[in-house]
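The opening residue of the sequence shown carries number 1 in UniProt numbering; numbering runs sequentially from there.
These are calculated hints, taken from the structure and not from any lab test.
Check the hints yourself; a few may be wrong.
[Unchecked claim] Label pairs and their computed distance ranges (CB to CB):
no.	residue 1	residue 2	range
1	E691	Y349	52 to 62 Å
2	Y149	N175	22 to 32 Å
3	L574	G24	20 to 30 Å
4	V25	S429	48 to 58 Å
5	E691	L21	50 to 60 Å
6	Y149	N330	53 to 63 Å
7	L291	G24	48 to 58 Å
[Unchecked claim] For lysine to any residue, the following SDA-like pairs were computed, each having C-alpha atoms within a straight-line distance of at most 25 Å:
no.	residue 1	residue 2
8	K652	V489
9	K479	K641
10	K780	L730
11	K4	P529
12	K645	K785
13	K693	S294
14	K479	D428
15	K660	V441
16	K4	K106
17	K645	E342
18	K780	I82
19	K106	T124
20	K783	T138
21	K661	G550
22	K693	D327
23	K641	N475
24	K776	D20
25	K747	D20
26	K491	K693
27	K491	R559
28	K652	Y313
29	K652	R559
30	K59	R77
31	K579	P474
32	K783	Q759
33	K106	D20
34	K660	M839
35	K288	F643
36	K785	A131
37	K4	L730
38	K253	T275
39	K253	K776
40	K4	M85
Because the structure is a prediction, the values reported are computed rather than measured.
All C-beta atoms in this analysis are idealised placements derived from N, C-alpha and C, irrespective of residue type, glycine included.
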Amino acid sequence: MTHKRAEMIWKTSANLDEADLFTGVLYNLYQAPPGFCFDILCSDEPFMDSPYSAENNVKAKVDKFLYYVNLQAESYRTNNIILTMGGDFTYMDANVYFKNMDKLIKYTNALQTNGSNVNVFYSTPSCYLKALHDMGITWPTKSDDFFPYASDPHSFWTGYYTSRPTSKRFERVGNHFLQVCKQLTALAPTREAHMEPHLNMLRGAMGVMQHHDAITGTEKQHVANDYARMLNVAVRACGANTKATLNQIVDPKYKRSLRSAGLAAEHTTPYPEYTFAFQTCHLLNVSKCELTESKDSFTVTLYNPLAHAGHEYVRIPVTGGRYIVRDYRNVEVSSQLVPIPESVLNLSYRFSNATSELVFLANELPPLGFKSYFITRAIDSLDDFLHEVPVAVPTGSVSADKPAGEQSALWQSEEVTIGNKYLNVSFDSNGFLSSITIDGVTNRLRQTFVYYEGALGNNEEFRNRSSGAYIFRPNGTEKTVTENVQLKVVKGPTVQEVHQVFNEWISQVVRIYADESHVEFEWMVGPIPVDDGVGKEIVSRFYTAAQSSGVFWTDANGREMIKRVRNHRDTWNLDLMEKISGNYYPVTAKIALEDENLRLAVLNDRAQGGSSLEDGSLELMVHRRLLHDDAFGVEEALNEKAFGKGLVARGKHWVIFGAKKPVSPTPEARERFLQNRVLLPNWVFFSDVTEFKYEDWQKQYTNIYSALSLSLPLNVHLLTFEPWKDNSILVRFEHLLEKGEDPLYSKPVRFNVQDVFRQFSIEEIRETTLGANQLKEDSKRLKFKPDPDYIVYNSVKRDVTTDHASPSPPFVQAARSPLIEEVVRNVADDGYEILLKPMQIRTFIFQLEYRP
């Protein structure tokens with residue numbers, strides 16, 4: 001403020017110059033100047049302007065206002081300043097508020113006849129921005145972000161990065177299904193009348209989930225419950241769309257019956273006579289699915305929302321026995337039964353007969369399409385049933401006085417290793433992950449859980465701040481959960497995994513699939529005990545030998561990686577009183593560290609807080625349960641419960657570890673590709689086919705389908721594919737990599753729209769702004785000039801060069817078609833190409849005619 005740098009050009013991207021934003025820091029948050037809040041919850045004196053009243057306060061009020069205005073003006077560069085007149089819970093009596101603002105404007109401006117240079121008027125952010133631009137001056141620049149922020153030396157707003165972890169996960173699931181529902185609604189051969197209302201319901205619910213007190217977890221408990229209810233109803237409603245579209249595509253008879261009945265424009269509910277249920281099992285995260293547990297024959301349909309052919313390891317809760325998995329070509333797919341971890345089986349609210357999960361690899365999953373598998377339970381005898389279910393083997397010997405079949409985990413007595421042809425991980429004699437071996441080279445990789453005790457205070461002074469929904473404030477350093485971990489080991493041809501039990505309320509499965517080059521960690525935490533009167537904040541921590549020199553990287557909303565330096569801020573000298581919470585940052589997709597030789601990246605399945613509090617170490621907070629409010633407006637402790645007990649949260653982390661090599665695909669490129677699979681995995685639909693023979697299912701129905709004729713290049717993501725207006729489709733393409741992350745995949749990439757969408761006749765293409773609310777050609781952005789001392793921002797870590805060609809290079813078309821730039825094009829037979837630069841997103845409206 002003292003240097004008049006509160007308004008600035010924010011260099012938001014190291015990759016895209018056009019992403020610069022003009023922004024500013026408000027003088028008094030978004031609240032009215034002190035003494036000028038005229039509302040029910042304010043105690044400020046209103047204007048008393050009766051000329052004969054002894055309480056007339058016009059002069060006093062205006063003088064106070066002018067003093068404040070001139071004080072604020074000293075911190076800004078122009079003679080235009082913005083006075084916010086809002087705040088939480090204001091305008092409850094808007095009439096009184098506006099009457100007093102009218103008087104404030106009237107009496108302040110009246111002083112201009114006496115030489116006052118202050119002119120007050122109602123305005124908007126757009127008008128204010130235009131006024132600043134028209135001044136024609138230069139502005140300071142900022143290239144870092146504003147995280148983490150604090151309202152006092154002991155109150156870092158870093159707790160909400162993790163608060164309400166199950167709500168954060170449900171929001172991510174909601175987004176996943178929203179994309180699936182958008183795509184399948186757009187792909188419906190016949191657009192049924194119920195589809196748009198159902199899709200809008202989910203759009204609306206997901207919009208509400210983005211509220212700054214929803215996704216953050218800073219709402220009251222009954223509001224959080226209502227958010228979850230709203231999203232649950234919307235997800236199930238959109239399930240009617242996916243069921244209808246899939247039946248239209250799969251079953252020719254259903255499609256014909258729709259057309260012959262003429263129902264597409266008339267009926268408002270889903271057509272009742274579906275051949276297949278295409279239902280979702282919403283409790284797969286606790287290995288529960290009533291259909292697969294109770295039926296001897298069922299289909300699994302995997303819908304791939306990505307525009308790349310892919311694969312997925314499918315896990316289906318079953319009751320044991322032997323199962324036959326066949327694809328649409330009558331090829332039997334190898335599968336493996338894996339016991340469900342005891343900690344999951346013992347959940348008091350899990351009402352399920354499933355004791356195992358059927359695991360198989362679904363390969364060659366078509367882009368923007370689906371593939372179905374026919375699964376049959378085949379139990380020939382009781383002995384067959386008993387012997388087909390593998391046992392999770394304890395790592396110690398079984399006690400002699402325990403009968404067979406009642407084995408329990410014992411303390412680890414020797415090293416255990418699981419792995420595949422790409423990597424192996426080992427566990428030490430105390431049961432902790434201790435090392436990883438890749439290409440014959442073994443490196444330290446330790447993982448454990450620790451917790452912080454939440455600070456407890458009365459919040460009346462800065463130093464007495466409690467940890468709460470907003471604030472993360474640990475009372476001291478981390479506490480150890482255990483010195484010994486119980487292990488059970490499961491090994492098979494499809495997956496190998498170790499089931500870890502850290503204590504009564506923390507457990508984890510560490511698994512490596514046969515054909516994956518990463519390690520998956522599925523953690524379960526809760527109910528967090530608070531009988532001792534102490535709130536706790538649980539962290540999963542990874543240790544390596546990397547010499548990271550205090551540097552680590554976190555993502556910005558899943559896109560560009562931002563460099564973080566421990567105990568440092570780019571734009572001021574930091575004097576940090578909270579050494580732990582003051583180094584926490586939001587992690588919505590990935591956190592990473594590296595040195596000259598090694599790199600560790602951890603991907604997550606929901607927003608979490610994370611940090612690197614010592615060199616070579618990364619941590620992510622997975623759950624928190626606190627007993628006191630932090631006095632920032634929730635007025636409740638963050639003490640979540642479910643079924644009368646402390647909340648249990650379950651989730652996943654994915655670890656990519658390895659040597660740093662400038663060879664494509666680099667670790668960063670592998671992380672980007674995995675990140676996309678984590679964000680939008682295949683959505684699993686189930687159908688009961690007890691009454692079907694496999695041969696009839698195979699011959700009479702469509703069991704593999706793709707809406708695309710060609711996969712997009714690996715470094716291009718189909719970010720949006722959804723129904724728009726007047727028989728059009730809204731489409732967004734995203735370049736997945738940053739400059740310098742990979743010698744091949746970080747390059748600009750072209751692809752041909754017609755080659756990708758050959759099932760459609762593209763009649764017209766219009767490029768729009770990112771929000772799709774304005775044609776690109778009509779968009780005219782204001783340009784702000786930087787100060788002369790501006791230094792080009794560059795967060796790119798290094799420039800890598802191509803040493804070896806990638807086995808899967810980006811698809812590059814010959815330059816025979818004009819690029820789609822900023823104009824409307826009618827598409828000729830030869831199609832058009834789209835060019836994407838690193839990190840670029842481009843938005844188009846395609847006028848399409850579906851080709852059945």
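**Prompt:** Which of the listed hints are broken here?
**Reply:** 1, 11, 12, 16, 26, 27, 30, 32, 33, 37, 39
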